[in-house]
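S.K.: Residue-level listing of the chains:
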Amino acid sequence: MGLNIEVHGLKLAYDAQPVLQDTNFNVDRGDLVALLGANGAGKSTLLRCISRILKPSAGHILLDGRELKLFDSKEAARKMAVVPQETAADFDFTVEDIVMMGRFPYLSRFQKEDQSDRDIVRRSMEMTGVAHLAERSITALSGGEKQRVIMARAVCQQPEALLLDEPTANLDIGYQSMFLELAARLNREQKVTVVAAIHDINLAVHHFNRFVLLAGGRVMAAGRAEEVITPENIRKSYGVPASTYRHPLNGALQVSVARGRVPDENNIQGKAVHVIGGGEESLPVLELLNQQGCKLSVGPVSTQDSGCRFAHFHSLPVVIVPPFTSMNGAHREEHLQLMRGSDLVVVPPIPFGEGNLPIFEEVEAVLEEGKPVYIIDLAGVEKRDYSGKALQLLDNLVQKGAVVLERSGDLTAVVRPDGGAGDERL
Amino acid sequence: MREVKTSELKQCNKRSEDEAGAKKKLFMAGLIVLLLFSAVSAMVLGAVSIGWRSVLIILFDTSPVSLSFAGVEVLEVHEDILLQIRLPRVLLAAAVGSSLAVSGAVFQGLFRNPMADPYVIGISSGAALGAVFAMLSGFSLAVGGFGAVPLFAFGGGIITIMLVYSMARVGRAVPVMTLLLAGIAVSAFLSALVSLLTYFAGEKLHMVVFWMMGGLGGATWHQVRVMVPYALVGYICVSIFSRELNAMLLGEETASNLGVNTERVKKIMLAGSSLLVAAAVSTSGIIGFVGLVVPHFVRLVAGPDHRFLLPASALLGAVLLIATDTLARVIIAPSELPVGIITALIGAPMFVYLLKKRKKLRYFGGGG
Numbered sequence: 001m002g003l004n005i006e007v008h009g010l011k012l013a014y015d016a017q018p019v020l021q022d023t024n025f026n027v028d029r030g031d032l033v034a035l036l037g038a039n040g041a042g043k044s045t046l047l048r049c050i051s052r053i054l055k056p057s058a059g060h061i062l063l064d065g066r067e068l069k070l071f072d073s074k075e076a077a078r079k080m081a082v083v084p085q086e087t088a089a090d091f092d093f094t095v096e097d098i099v100m101m102g103r104f105p106y107l108s109r110f111q112k113e114d115q116s117d118r119d120i121v122r123r124s125m126e127m128t129g130v131a132h133l134a135e136r137s138i139t140a141l142s143g144g145e146k147q148r149v150i151m152a153r154a155v156c157q158q159p160e161a162l163l164l165d166e167p168t169a170n171l172d173i174g175y176q177s178m179f180l181e182l183a184a185r186l187n188r189e190q191k192v193t194v195v196a197a198i199h200d201i202n203l204a205v206h207h208f209n210r211f212v213l214l215a216g217g218r219v220m221a222a223g224r225a226e227e228v229i230t231p232e233n234i235r236k237s238y239g240v241p242a243s244t245y246r247h248p249l250n251g252a253l254q255v256s257v258a259r260g261r262v263p264d265e266n267n268i269q270g271k272a273v274h275v276i277g278g279g280e281e282s283l284p285v286l287e288l289l290n291q292q293g294c295k296l297s298v299g300p301v302s303t304q305d306s307g308c309r310f311a312h313f314h315s316l317p318v319v320i321v322p323p324f325t326s327m328n329g330a331h332r333e334e335h336l337q338l339m340r341g342s343d344l345v346v347v348p349p350i351p352f353g354e355g356n357l358p359i360f361e362e363v364e365a366v367l368e369e370g371k372p373v374y375i376i377d378l379a380g381v382e383k384r385d386y387s388g389k390a391l392q393l394l395d396n397l398v399q400k401g402a403v404v405l406e407r408s409g410d411l412t413a414v415v416r417p418d419g420g421a422g423d424e425r426l
Numbered sequence: 001m002r003e004v005k006t007s008e009l010k011q012c013n014k015r016s017e018d019e020a021g022a023k024k025k026l027f028m029a030g031l032i033v034l035l036l037f038s039a040v041s042a043m044v045l046g047a048v049s050i051g052w053r054s055v056l057i058i059l060f061d062t063s064p065v066s067l068s069f070a071g072v073e074v075l076e077v078h079e080d081i082l083l084q085i086r087l088p089r090v091l092l093a094a095a096v097g098s099s100l101a102v103s104g105a106v107f108q109g110l111f112r113n114p115m116a117d118p119y120v121i122g123i124s125s126g127a128a129l130g131a132v133f134a135m136l137s138g139f140s141l142a143v144g145g146f147g148a149v150p151l152f153a154f155g156g157g158i159i160t161i162m163l164v165y166s167m168a169r170v171g172r173a174v175p176v177m178t179l180l181l182a183g184i185a186v187s188a189f190l191s192a193l194v195s196l197l198t199y200f201a202g203e204k205l206h207m208v209v210f211w212m213m214g215g216l217g218g219a220t221w222h223q224v225r226v227m228v229p230y231a232l233v234g235y236i237c238v239s240i241f242s243r244e245l246n247a248m249l250l251g252e253e254t255a256s257n258l259g260v261n262t263e264r265v266k267k268i269m270l271a272g273s274s275l276l277v278a279a280a281v282s283t284s285g286i287i288g289f290v291g292l293v294v295p296h297f298v299r300l301v302a303g304p305d306h307r308f309l310l311p312a313s314a315l316l317g318a319v320l321l322i323a324t325d326t327l328a329r330v331i332i333a334p335s336e337l338p339v340g341i342i343t344a345l346i347g348a349p350m351f352v353y354l355l356k357k358r359k360k361l362r363y364f365g366g367g368g
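Heads up: the protein sequence lines correspond to chains A and B, in order. All the letters of the first sequence, read from the start, carry residue numbers 1 to 426 under my numbering. All the letters of the second sequence, read from the start, carry residue numbers 1 to 368 under my numbering.
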């Protein structure tokens, strides 16, 4: 079992618009490959060339070394089964009828389905968990059930390769995982080669072990997740800034698309704002200020902190303290300089512990120098104060003129270039 | 992969198979009984009533088996009426009815469109143009005992389908949607030509209109002998590809992925069903609704599997046309109505009824 698929120099154009341009692509026997790429990158087109729906204008496709054109329809269907994104199910076939159609390539014209075909149908339905639906009409099933029935039919074809064309695009998150796990299981247990065009990179990372990234009809990168799914590749192929990180529970590589800045119509540079500390709690504040076009600086944060990643992603000035160490004089000086260089300082609703209390000394210092300081959600400090001293220190700042804001959303008014407290100074 | 499965599952599997199979067999047996009944009734009823026992005696007289009922004398004139007029007419009605029903089923499946009927891609308009042209030009032509009208009708139908096919072709493929649209466009164009000719028909108007309403009046053995082989060839063509047609119902790409050579299947299906329709139209004019309603009715009872749908539609189509033709003969006997009027009068309300039931019975274009 397992099919080797080679694609050499494939070319195809829709109405003179090239979709595949010299595509070279190789899937080894027993590979479990996710085909990634933006809309229009040629994923579906490539799969449809392999499944013989489209005829490329140039190039070769080889199955186990033999030219695809030499296969007749039934022979090819015994090698490869396809699960598309959606299958028309307008006719009142039962689930069993639909799955039985997977036996078509094995039956000669006047041959009737026999017991062994029925057994294979039954087993395929059990494997995909649709055996209990056997007598139901396909028209009466939900999207998730229907897609598993189509998978059962593909299994019933006993293929050596399974081509999936965005099979999970219409499924809910539960069925998505279940469906891809099924494909992975076929690959594991029966060594079926699986090639799946897939949009959801984060989902793909969990279920596949090889990745091929298409862009503009060419293979841009191929290999393990770490080699293919890089912010640089994502930006080039999907045209959006993205960052990668590890899944908090299982360490799988994940991609997140960053929101671009809202372009300022007058191209006015927003205020320079320094945001104190890091942690996930500071991210909404950072994102909001970023959206407003502010010139941000961050710190002090530790290396693996969310705030640190944010700063790196947007190339912002940041004070970084190595993990498991406390701030030294150099860090404190650096922090002071960042605050002095900004129009205003924001204390986001972060948790406080003995480790970050020394920050307040510098904050107090710039406040005394006349720098506006905004504290967000003073009322909620007690819940996130692990030192027992933060409230007192913050109250002290308020007495010296720091402004308290109820919600981070209130910052919008403060940082607007045409108004807010910062103007008093400019 | 082929290994022994637990016997329990096998049994459960088999039971459901048997149930579905038994239902289909029953339906088929019912259709055969209905066909025989309607055939005999059609031979009994008419301007001259012939007793059913006489009908049976006369029919069996043509075979080596002889049958007799005490006290029933067969009149020679009855024998003539039955064998020379009613029997060929019943057979022709059966052949035309099944041809229309089967081609309707094929077109609905091929186009995945519940509104498709045998005439959807213009065979009827082409045939009508041929027939009307033959009637109006008034030149006489006879090939193998046929007049100009059926010959031109047949030719018109076949040329039209070839035209539509070549118009719809994109490279080496023929997308069914393009085929359907090209068919509708050509059909509209040809219908306009037919109307134009009809406008100038003058004293032949009556003949033209009557032909287009469809009818089996004046059926002869000769017609039966020519019609039946065409119908058989057409039927065999389409029915040996019924498994492929099932797969095509899920869309052409899916069918292709399952190993169906879709372009070849489409060509054969079109050729076979066009032959059926052209043969039917050239013998009986344009009889509506049989080809639309019959396949829907069968699907409703027995599902969309063409391996059953095609033979069952053939039987039901025959029954329906024999029955409506008999009605057409007896309603205003000794005169008769065009059967196309009766099929539409009965077919249209039946179709509306099916549409109303559709939600509950979930058949075509379901989703609910």
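Hints are computed from structural coordinates only; laboratory data are not their basis. Keep in mind that a hint or two might mislead.
Lysine-lysine pairs mimicking DSSO-like chemistry, simulated, CA-CA at most 27 Å apart [said to hold, decoys possible]: (1) A:74 to B:25; (2) A:11 to A:55; (3) A:112 to B:25; (4) A:383 to A:400; (5) A:55 to B:267; (6) A:112 to B:24.
So these bits of chain A aren't anywhere near chain B, every CB distance computed over 10 Å [claimed, not checked]: (7) 51; (8) 87; (9) 88; (10) 97; (11) 107; (12) 215; (13) 223; (14) 240; (15) 247; (16) 258; (17) 313; (18) 341; (19) 366; (20) 416.
Cβ-Cβ distance ranges computed for the label pairs, FRET-style [what the hints assert, rightly or not]: (21) B:137 to A:143: 57 to 63 Å; (22) B:228 to A:28: 56 to 62 Å; (23) A:220 to B:356: 36 to 42 Å; (24) B:63 to A:74: 22 to 28 Å; (25) B:65 to A:107: 37 to 43 Å; (26) A:110 to B:60: 30 to 36 Å; (27) B:29 to A:39: 23 to 29 Å; (28) B:137 to A:110: 56 to 62 Å; (29) B:65 to A:129: 56 to 62 Å; (30) A:15 to B:189: 26 to 32 Å; (31) B:348 to A:220: 20 to 26 Å; (32) B:189 to A:112: 56 to 62 Å; (33) A:107 to B:228: 26 to 32 Å; (34) A:220 to B:233: 40 to 46 Å.
Cβ atoms here follow ideal geometry from the backbone N, Cα and C, with glycine treated the same way.
S.K.: If a hint holds in the structure, say so; if it doesn't, say that too.
M.R.: Against the structure, the hints:
As the CA atoms of residue 74 of chain A and residue 25 of chain B are separated by approximately 31 Å, the hinted pair breaks the 27 Å bound. The suggested pairing of residue 11 of chain A with residue 55 of chain A holds, with an alpha-carbon distance near 9 Å, which does not exceed 27 Å. Proposed proximity of residue 112 of chain A and residue 25 of chain B is supported: the alpha carbons are some 17 Å apart, at most 27 Å. In summary, the hint linking residue 383 of chain A to residue 400 of chain A is supported, as the alpha carbons are separated by about 24 Å, within the 27 Å threshold.
For the given pair, residue 55 of chain A sits about 20 Å from residue 267 of chain B by alpha-carbon distance, which is consistent with the 27 Å threshold. For the hint pairing residue 112 of chain A with residue 24 of chain B, the CA-to-CA distance comes to about 16 Å; that is within 27 Å, so the pair holds. Listed as outside the interface, residue 51 of chain A is inconsistent with that label: its C-beta sits roughly 6 Å from the nearest C-beta of chain B, within the 10 Å cut-off. In this structure residue 87 of chain A is not separated from chain B by more than 10 Å, as the shortest Cβ-Cβ distance comes to only about 6 Å.
Its closest Cβ contact with chain B, about 5 Å, brings residue 88 of chain A to no more than 10 Å, contrary to its assignment away from the interface. At roughly 7 Å, the least C-beta separation between residue 97 of chain A and chain B is not larger than 10 Å, which violates its mark as non-interface. Not every beta carbon of chain B lies more than 10 Å from that of residue 107 of chain A, the smallest distance being close to 8 Å; the non-interface claim is violated. With a closest Cβ-Cβ approach of about 25 Å to chain B, residue 215 of chain A is found to remain outside the 10 Å limit, as its non-interface label requires.
Every C-beta of chain B lies more than 10 Å from that of residue 223 of chain A, the closest at about 29 Å, which supports listing it as non-interface. Look at residue 240 of chain A: its CB is around 31 Å from the nearest CB on chain B, clear of 10 Å, so calling it non-interface holds up. Interface exclusion of residue 247 of chain A from chain B stands, the closest Cβ pair being 34 Å apart, more than 10 Å. In this structure residue 258 of chain A is separated from chain B by more than 10 Å, as the shortest Cβ-Cβ distance comes to about 37 Å.
At roughly 42 Å from the closest C-beta of chain B, the C-beta of residue 313 of chain A stays outside 10 Å, upholding its exclusion from the interface. Every CB of chain B is more than 10 Å from the CB of residue 341 of chain A (nearest about 61 Å), matching its label as outside the interface. Every Cβ of chain B is farther than 10 Å from the Cβ of residue 366 of chain A; the closest lies at roughly 66 Å, confirming the non-interface assignment. Distance check for residue 416 of chain A against chain B: the nearest CB is about 51 Å away, which clears 10 Å, and the non-interface claim stands.
As the Cβ distance of residue 137 of chain B to residue 143 of chain A is approximately 59 Å, the hint placing it in 57 to 63 Å holds. Restraint check, residue 228 of chain B to residue 28 of chain A: a C-beta distance of roughly 59 Å satisfies the suggested window 56 to 62 Å. The hinted range of 36 to 42 Å is not satisfied by residue 220 of chain A and residue 356 of chain B, whose Cβ atoms lie roughly 56 Å apart. Remark: the range hint 22 to 28 Å for residue 63 of chain B to residue 74 of chain A is contradicted by a beta-carbon distance near 45 Å.
Between residue 65 of chain B and residue 107 of chain A the beta carbons are some 41 Å apart, a value that agrees with the proposed interval 37 to 43 Å. In this structure the supplied range 30 to 36 Å holds for residue 110 of chain A paired with residue 60 of chain B, their Cβ-Cβ distance being about 35 Å. At about 55 Å, the beta-carbon gap between residue 29 of chain B and residue 39 of chain A misses the expected band of 23 to 29 Å. Our hint of 56 to 62 Å for residue 137 of chain B and residue 110 of chain A is violated, since their Cβ atoms are close to 47 Å apart.
At roughly 59 Å, the beta carbons of residue 65 of chain B and residue 129 of chain A sit within the given window of 56 to 62 Å. Taking the beta carbon of each, residue 15 of chain A and residue 189 of chain B are about 28 Å apart, inside 26 to 32 Å as hinted. As the Cβ distance of residue 348 of chain B to residue 220 of chain A is approximately 60 Å, the hint placing it in 20 to 26 Å is violated. For residue 189 of chain B and residue 112 of chain A, the Cβ-Cβ distance of about 45 Å falls outside the hinted range of 56 to 62 Å, so the restraint is violated.
The beta-carbon spacing between residue 107 of chain A and residue 228 of chain B, approximately 31 Å, falls within the hinted interval of 26 to 32 Å. The given range of 40 to 46 Å is broken by residue 220 of chain A and residue 233 of chain B, whose C-beta atoms sit roughly 56 Å from each other.
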